[in-house]
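A.B. asks: Sequence:
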Amino acid sequence: MEISVRLSRIKDLEDIRDLINKEHEKSNAVMEVSKENVEKWIRNRNSVVAVAEGRIVGHEALDIWPESKWLELRSAVVLEEFRCRGIAYKMTKMLVDRFVKKNPKTIFVAIKNKTEKGNGILVEMGFHEIGLGEVPQELFTIRSHSERRAFKLETK
1 MEISVRLSRI KDLEDIRDLI NKEHEKSNAV MEVSKENVEK WIRNRNSVVA
51 VAEGRIVGHE ALDIWPESKW LELRSAVVLE EFRCRGIAYK MTKMLVDRFV
101 KKNPKTIFVA IKNKTEKGNG ILVEMGFHEI GLGEVPQELF TIRSHSERRA
151 FKLETK
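When we follow my numbering, the leftmost residue of the sequence shown carries the number 1, and every step to the right adds one.
Bear in mind the hints are in silico, worked out from the structure with no lab data behind them.
A portion of the hints provided could be inaccurate.
What the hints assert, rightly or not - Okay, derived cross-link-like pairs now, DSS-like style, lysine-lysine, Cα gap no bigger than 25 Å in a straight line:
no. : residue 1 : residue 2
1   : Lys101    : Lys90
2   : Lys152    : Lys102
3   : Lys26     : Lys102
4   : Lys11     : Lys93
5   : Lys102    : Lys90
6   : Lys101    : Lys156
7   : Lys40     : Lys90
Using the sequences plus the hints, can you model the full thing?
C.D. replies: This is the structure we're talking about:
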C-alpha cells in the first residue's frame with residue numbers, strides 16, 4: 001500500500017480534526033485542536049497529511065511563535081495501524097525541509113510527553129533534548145510543563 005505525504009488542504013480539515021481529537025481521547029499524547037487552529041495551519045501551508053488509499057492516516061503541523069520566532073511541531077499523529085512505517089519521519093522531514101529552504105537559520109522545537117514512542121524520530125533527525133527552562137515561555141501558554149520533554153533543532 002502506497003502512503004504519500006502532502007500539504008493539507010481545506011477539504012481535509014474535518015478529517016484532520018477527527019484524527020487528532022480521537023488520538024487525544026485515547027492517549028492524551030496530543031492536545032485537542034480547534035477548527036480555527038487547523039484552518040490556520042492549512043491556510044498558512046504549515047500542515048501536512050499522510051494519505052493511504054484516499055484516507056488521511058497521519059497529520060503534523062507547525063506553529064510559528066511570534067516573540068521567539070521558534071517553530072513548534074504540533075499535532076503529530078499517525079493512525080495506530082499505520083505506525084512503524086516511517087510516516088511520522090516523512091511528515092516531520094517535509095515540514096522541516098520546507099522551512100529550512102525558506103529560512104536556513106531556523107529553530108524548531110517539539111514538546112512531547114515523556115513516554116511518547118516517537119521521540120526517537122526527532123533524535124534521528126538531529127533534534128536534541130533540552131531542558132524545559134530553555135524553551136521560550138510563550139510556548140507554554142497552552143499546555144503545562146509537567147510530564148513533558150522538549151527537543152530542539154537549530155539549522156544553520
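A.B. asks: Hints first: check each against the structure and report whether it holds.
C.D. replies: We went through each hint and held it up to the structure:
Among the hinted pairs, Lys101 with Lys90 is consistent with the structure: their alpha-carbon atoms are about 16 Å apart, no more than 25 Å. For a cut-off of 25 Å, the pair hint linking Lys152 to Lys102 stands: about 19 Å separates their Cα positions. For the proposed pair Lys26 and Lys102, the alpha carbon gap of about 36 Å is over 25 Å, so the pair is violated. For the given pair, Lys11 sits about 23 Å from Lys93 by alpha-carbon distance, which is consistent with the 25 Å threshold.
With a C-alpha separation of about 19 Å, the suggested pair Lys102 and Lys90 falls inside the 25 Å cut-off, and the hint holds. Of the pairs offered as hints, the one joining Lys101 and Lys156 holds, with about 11 Å between alpha carbons and a cut-off of 25 Å not exceeded. With a C-alpha separation of about 22 Å, the suggested pairing of Lys40 with Lys90 holds against the 25 Å cut-off.
When the structure is compared with the earlier hints, a violation turns up for hint 3 alone.
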